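**Student:** One letter stands for each residue in the lines below.
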Amino acid sequence: MKLAMLGAAHVHASEYVQVCKTIPDVEFTQIYDANLGTAKRIAELCDATATDDPLTCLSPAIDAVVICSENYRHVELVQSAALAGKDILCEKPLATNVADAQELVTLCSRLGVQLQTAFPCRYHPTIARTKELIDQGLLGEILAVRATNQGQIPGGWFADPLLAGGGALMDHTVHVVDLLRFLLHDEFDSVFAYSATRFHDVKTEDSAFLSMTLKNGVIVTLDPSWSRPLSYPTWGNVTMELVGTEGTLFVDMFSQNMEFYSTSSYQWLPFGTNMNRLMLIDFVERLQQKQPVAITGEDGLRATEVVAAAYLSVKTGTLCSITHV
Amino acid sequence: MIDIALIGAGLIGSVHADSLIHMPEVQLRAVCDIQYDRALQIAKSVNAIAFADIQSLIASPVWENIDVVLVCVPTYLHEEMVVIAATHKKHIFCEKPIALTEVSAARMIEVCAKNQVLFGVGHVVRFFPEYVKLREQVVAGGIGEIGTIRTFRGGVFPYGWDSWYGDEEKSGGILVDLLIHDLDFIDAMINPIEQLFARRISTHHRKERDYALVVGRLRNGAIFHMEATWAHSSGFRYGFEYAGSRGMIEFDSEKTPPLQLMTKPSPTAVGHHTAVVPESPFLKSPYQVELEAFLAAVQERRVPPITGETALRALQLSLAARRSAQELKPILVQNV
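Going line by line, the protein sequences match chains A and B. Per the working numbering, residue 1 is the first one in the first sequence, and the count goes up by one each step. Per the working numbering, residue 1 is the first one in the second sequence, and the count goes up by one each step.
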């Protein structure tokens, strides 16, 4: 299976090409980025060819593409790939607004190409176990969820309103939104949000709190802030406290760390499962077996709807309902 | 010597009685509780007199020399006890929350002012050493400009006498009884709360359980998130995370106790589960520091550290949170 990377500006680009080297019969052969330097840097990690011509990635030799561009370019790159008949794994968020996300879902469906949104958290064994515990009824009826996806500021284009389409709220809302849709088999219904720019000298928000409900009434809050200081021992977290009628479950996806004290610094050494690897394996296997991908463009669209409603709430200062297109 | 009467010998009443033992120049003379056994238990240990109701305490000769009354009854009885104590010219230390409604709190403040007695309210979190230290750091600019504040507080559902915590009409529910701690601390000690938006589990799920999530904004532009829970199956924990432009402070009460006592399970214990009891000892408990601060004000006839007016503001914040959860809209709580 030959993959091409269409856009390599995302921080996950290097991770994806490196884990791919550990997956038999799968390789990245072409790395495209509008910035040739970026393409070269990533290509060097996996012995692929770097290019600043996207068409190179759409040749018949390529089986599928992985889109890791800046958020605002997802639309044009997914469109080009779909028109070339390539199946697609697109970095989250699928798009920066609902209309774009909707258009991509419709286009891919019409052209019969597969579109997966990169929500690797669903593949984490901790989440699989969480789902099992919920489905077994150990928590009873879920009433509330308090979640965080806090992090250090990713830097670069992530805080550029044009390239990223927003800041921390755009970057860190969709993972937990997708996880809760997956875990609770329900859709989001309403959102009230505050955002602010408090930590960094950037033009987007770097902090936000979202207060939401699911259709069945579950109350949810999410903290997607880029609030971890540089000295923090890791990039950030995904945590959830699930409160049910029969019990409470605390989930901390990235707690499998050792503490590492060097002579002058302190870090965490993660020993947990690499969920990006599991996502790439699953994506490729499903394409090979001609099965539908596990996490679709529609899942990406649903998450984008929540993000859009949250921005609307920030703007209007009111509770906003989440409409599904 | 300050002579004290304790009204209400429940959980917090016995904590205060313990503190008084360690304070010279202060003597607990009377303990009153309609659960007479509880009053007697505390009274015996300090050589005080136990009473089964407030009227027999007032009728007793010990009443005349009482200087200060500690009101530690369930919240819905606060006003009644404060009015009695104030009209008898006793200084009053009343547990939080001050009352269940703004008008009730206002009446309590007024009756104390009219009778020229000092009135203090027990927002003890302000005296917890971790909060004192936190405020020192924040005020000194240790974390720069605050960006986000997160707090959590809660544990198992508190039953209390007559299950009064579970009755919204008696305790005010979780947003009034529990979240008031964090609302008061942030609003009074960090930066005034400007607006908030609250969510709470629906009424039919609140039997022996309550849970609320509140977000909001401070006057300085920082945003906050608060969790209050009475949904855990054991224990009680609290903590906070203050993130700013130059750093972050995290605290979790479960991570710091220097003592963890693990005892052999009793032969009758099901499944051989053994309880682990954490303890975090100090030279003086925060409750003792709190009482000493109030009693020092009484001795010097000056305004107590936490006044009725301050406690009323905290109550207003709690009530705003409750209203927000009901009406599902943000509520402005700017102090004018």
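None of these hints come from the bench; they were simulated from the model. Only a predicted model underlies this, so the values are computations on that prediction, with no experimental measurement involved. Any given hint could turn out to be false.
[Stated by the list, open to error] Lysine-lysine pairs mimicking DSBU-like chemistry, simulated, CA-CA at most 35 Å apart:
| id | chain 1 | residue 1 | chain 2 | residue 2 |
| --- | --- | --- | --- | --- |
| 1 | B | K255 | A | K131 |
| 2 | A | K215 | B | K114 |
| 3 | B | K170 | B | K329 |
**Student:** Hint by hint, say whether it matches the structure.
**Tutor:** Outcome of the hint check:
As the CA atoms of K255 (chain B) and K131 (chain A) are separated by approximately 28 Å, the hinted pair is consistent with the 35 Å bound. Only pairs whose Cα atoms come within 35 Å are accepted, and K215 (chain A) paired with K114 (chain B) is rejected, the gap being roughly 53 Å. Note on K170 (chain B) and K329 (chain B): the hinted pairing holds, with a Cα-Cα distance of about 25 Å set against a maximum of 35 Å.
In the structure shown, a violation is registered for the earlier hint numbered 2 alone.
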